[in-house]
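Chains as they are written, first to last, in my numbering: chain A, 1 to 219; chain B, 1 to 219.
Keep in mind the hints are simulated off the structure, nothing from the lab.
Given that identical chains are not distinguished, each listed pair holds provided it fits within a single copy or across any two copies.
Straight-line distance between alpha carbons at most 27 Å, and here's what the computed DSS-like set of lysine-lysine pairs gives: (1) Lys-154 <-> Lys-183; (2) Lys-154 <-> Lys-21; (3) Lys-215 <-> Lys-204; (4) Lys-154 <-> Lys-24; (5) Lys-103 <-> Lys-74; (6) Lys-154 <-> Lys-85; (7) Lys-85 <-> Lys-70; (8) Lys-24 <-> Lys-85.
Note that the coordinates shown come from a computational prediction; the quantities given were computed from them, not determined experimentally.
Number of protein chains: 2
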Amino acid sequence: MNTSEKQALIDHLLQYVTENKREKMHEVLQNRTRYITVVLEDLFQEHNASAALRTCDIFGVQDVHVVQSKYEFKAVDTISMGATKWVDVTAHASITDAITTLKKDGYRIVATTPHRQSYSLPELPLDQKTALLFGSEQTGLSEEALAQADMYVKIPMFGFVESFNVSVSVALCLYDVINRLHKSEYGWQLSQEETQDILLAWIKKVSKTATLVEKNINK
Amino acid sequence: MNTSEKQALIDHLLQYVTENKREKMHEVLQNRTRYITVVLEDLFQEHNASAALRTCDIFGVQDVHVVQSKYEFKAVDTISMGATKWVDVTAHASITDAITTLKKDGYRIVATTPHRQSYSLPELPLDQKTALLFGSEQTGLSEEALAQADMYVKIPMFGFVESFNVSVSVALCLYDVINRLHKSEYGWQLSQEETQDILLAWIKKVSKTATLVEKNINK
Numbered sequence: 001m002n003t004s005e006k007q008a009l010i011d012h013l014l015q016y017v018t019e020n021k022r023e024k025m026h027e028v029l030q031n032r033t034r035y036i037t038v039v040l041e042d043l044f045q046e047h048n049a050s051a052a053l054r055t056c057d058i059f060g061v062q063d064v065h066v067v068q069s070k071y072e073f074k075a076v077d078t079i080s081m082g083a084t085k086w087v088d089v090t091a092h093a094s095i096t097d098a099i100t101t102l103k104k105d106g107y108r109i110v111a112t113t114p115h116r117q118s119y120s121l122p123e124l125p126l127d128q129k130t131a132l133l134f135g136s137e138q139t140g141l142s143e144e145a146l147a148q149a150d151m152y153v154k155i156p157m158f159g160f161v162e163s164f165n166v167s168v169s170v171a172l173c174l175y176d177v178i179n180r181l182h183k184s185e186y187g188w189q190l191s192q193e194e195t196q197d198i199l200l201a202w203i204k205k206v207s208k209t210a211t212l213v214e215k216n217i218n219k
Numbered sequence: 001m002n003t004s005e006k007q008a009l010i011d012h013l014l015q016y017v018t019e020n021k022r023e024k025m026h027e028v029l030q031n032r033t034r035y036i037t038v039v040l041e042d043l044f045q046e047h048n049a050s051a052a053l054r055t056c057d058i059f060g061v062q063d064v065h066v067v068q069s070k071y072e073f074k075a076v077d078t079i080s081m082g083a084t085k086w087v088d089v090t091a092h093a094s095i096t097d098a099i100t101t102l103k104k105d106g107y108r109i110v111a112t113t114p115h116r117q118s119y120s121l122p123e124l125p126l127d128q129k130t131a132l133l134f135g136s137e138q139t140g141l142s143e144e145a146l147a148q149a150d151m152y153v154k155i156p157m158f159g160f161v162e163s164f165n166v167s168v169s170v171a172l173c174l175y176d177v178i179n180r181l182h183k184s185e186y187g188w189q190l191s192q193e194e195t196q197d198i199l200l201a202w203i204k205k206v207s208k209t210a211t212l213v214e215k216n217i218n219k
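Isolated chain A (complex conformation):
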């Protein structure tokens, strides 16, 4: 299907979606990005995983990568508030798998860690697609993750406690990075093709009729 055929299909299927949802989907797409992605390494507390996904949706991050070398990734829908429907979650068996894939896709690998002297969050360069890595609740990022990272970033801290809760850490990094991207001239927006593919997937998630209609068209 070429771009205009795909657009015709989308326009056709959109009639099965309520006006509210249609408007919301278009509005959300304006700020959706694949320029920033989030990698969660072996989170084991469901409320953290869920809160992280929810935050990714809110800040417009379309892709989340989860590494399940020790723990299976589980999100609770009452905490994620349905974010799993709108965000694409990709699972990896090891951190090396995740990093290799992301490097091939042109991402700079940035490890969040309070323990290394490196960029302070507001100074982290954003001149390249960036994958932000977050570690497990008690132990932080693994040695493998730290060894393969291109850069390190830390959030400025002023108290006795020396690390943030992981879901808080995800939120603070995205707040800072997304706000700076929105003001920047980096091409962080989705391409036309990406926009179409994501919209098509969302339409099918909100409308069973649209899904059936598309199946008939493709017969």
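Add chain B to chain A, keeping to what the hints say.
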């Protein structure tokens, strides 16, 4: 005890504190503030309460107010990472009690809510001592809280999900507000007297010997 007597007592007791702790306490005090305070209304999930306290410590917020009109406030030490030791938590039986006390102390009452058109977080004025109010997990702030607030603030959002997890919300507000305060000329630092009182309390928390010595002095 006047200021110089209190300082003499502190200097005396500090010899019972390890050098590491002493340095850390002085460092942390540089960024401690009562200019910003946080009010948590009826949080019922311990992991949120704990993560919020941890974040307050990290951003230098000395006072946290908890309203327990429906639920008892409980923090888990493994999540708060010992923040309860360093942050002063004041409990109130109702939101009106908390707000009345804070208004008397000169605080502007700012309700965080995604549902009212008001200041976007980066534009929230900081020209007055500010109490940031955060609501319960599922229902948000009560009508009483919203009715008594002087201002409303919301965090910019770009996704389908329409509110942040409450502990994430606390962190984002403090990140933005504290960073702006640090760069501002508002008098957000502790007074000499406040600094002494907090330091004295901390010394007694980290050293049993110091506590005993002080008791003997005061006999």
